[in-house]
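S.K.: Sequence:
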Amino acid sequence: MLKETGDLATQLKASLNSIKAMKDANATGISTLSRLLGAPLPHVYEDATISEGLSASVLVGNGMDVETMTRTGRETATRLETEVITPLMQWLALHDTLVAKNKELDALRLEVDSRRRTVADLTVREATQRARAQRSREDKHGLKVEEAAKLLEHKTAKLAASHQEYIKFEEELHTRIVRLICDAAYIKVH
1 MLKETGDLAT QLKASLNSIK AMKDANATGI STLSRLLGAP LPHVYEDATI
51 SEGLSASVLV GNGMDVETMT RTGRETATRL ETEVITPLMQ WLALHDTLVA
101 KNKELDALRL EVDSRRRTVA DLTVREATQR ARAQRSREDK HGLKVEEAAK
151 LLEHKTAKLA ASHQEYIKFE EELHTRIVRL ICDAAYIKVH
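Per my numbering, the sequence shown starts with residue 1, numbered consecutively.
Bear in mind the hints are in silico, worked out from the structure with no lab data behind them.
Hints may contain errors.
What the hints assert, rightly or not - With a cut-off of at most 25 Å between alpha-carbon atoms, the simulated SDA-like pairs for lysine to any residue come out as follows:
| id | residue 1 | residue 2 |
| --- | --- | --- |
| 1 | LYS20 | LYS144 |
| 2 | LYS144 | GLN129 |
| 3 | LYS158 | CYS182 |
| 4 | LYS3 | LYS155 |
| 5 | LYS144 | HIS154 |
| 6 | LYS3 | LYS13 |
| 7 | LYS168 | LEU2 |
| 8 | LYS188 | MET69 |
| 9 | LYS158 | MET89 |
| 10 | LYS23 | THR70 |
| 11 | LYS155 | ILE181 |
| 12 | LYS155 | ARG109 |
| 13 | LYS13 | ASP65 |
| 14 | LYS23 | LYS150 |
| 15 | LYS155 | VAL124 |
| 16 | LYS168 | THR5 |
| 17 | LYS103 | LEU37 |
| 18 | LYS158 | ILE187 |
| 19 | LYS3 | ARG109 |
| 20 | LYS158 | SER114 |
| 21 | LYS3 | GLN129 |
| 22 | LYS155 | VAL145 |
| 23 | LYS13 | VAL124 |
| 24 | LYS155 | LEU80 |
| 25 | LYS144 | LEU108 |
| 26 | LYS188 | HIS43 |
Source: prediction; values computed, not measured.
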């Protein structure tokens, strides 16, 4: 699931970059057009040899309302930011958070595996100590068995706690990924 959301995140990042570029290009275009439409026309100097048709110069788009065009461009940019870019960035930020949490989960899994191996080794060691104690009947072997049993009990308790923490963390991460996937349906609307 996380890999598929990663693929979607890659596509969203590319789309987000395109949308931002389009927004910037639109703002630049409006600014350029506003300057063009507000600029004075070059003067035509009267020359007796030039015909009357060439001396009349009319700006195309002279009736264009530059203020309305600029205001509409700003409103469009604001709406694009709030209704499209911000939700996409929030989804991507949540995705990045879950990727980091998944790395934490992997580290916790490695810890549980390490504790599991330690408990397995201690179980073998405790069984060996118990067998020696039964054969020799010396007090020092009895103490070693007792120490090994206490250590095994302690490590087993730590393993159980780590395993519970891992299971809880995994369930929480799974729930959050499922919510992220559900949110992806709404992201496509934006």
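S.K.: Work down the list of hints and note, for each, if the structure agrees.
M.R.: Structure-based check of each hint:
no.	hint	verdict
1	LYS20 with LYS144	70 Å, violated
2	LYS144 with GLN129	7 Å, holds
3	LYS158 with CYS182	36 Å, violated
4	LYS3 with LYS155	35 Å, violated
5	LYS144 with HIS154	15 Å, holds
6	LYS3 with LYS13	15 Å, holds
7	LYS168 with LEU2	18 Å, holds
8	LYS188 with MET69	29 Å, violated
9	LYS158 with MET89	40 Å, violated
10	LYS23 with THR70	13 Å, holds
11	LYS155 with ILE181	38 Å, violated
12	LYS155 with ARG109	16 Å, holds
13	LYS13 with ASP65	36 Å, violated
14	LYS23 with LYS150	67 Å, violated
15	LYS155 with VAL124	13 Å, holds
16	LYS168 with THR5	22 Å, holds
17	LYS103 with LEU37	56 Å, violated
18	LYS158 with ILE187	42 Å, violated
19	LYS3 with ARG109	18 Å, holds
20	LYS158 with SER114	11 Å, holds
21	LYS3 with GLN129	48 Å, violated
22	LYS155 with VAL145	15 Å, holds
23	LYS13 with VAL124	52 Å, violated
24	LYS155 with LEU80	56 Å, violated
25	LYS144 with LEU108	31 Å, violated
26	LYS188 with HIS43	53 Å, violated
Hints 1, 3, 4, 8, 9, 11, 13, 14, 17, 18, 21, 23, 24, 25 and 26, counting from the list given before, are not met by this structure.
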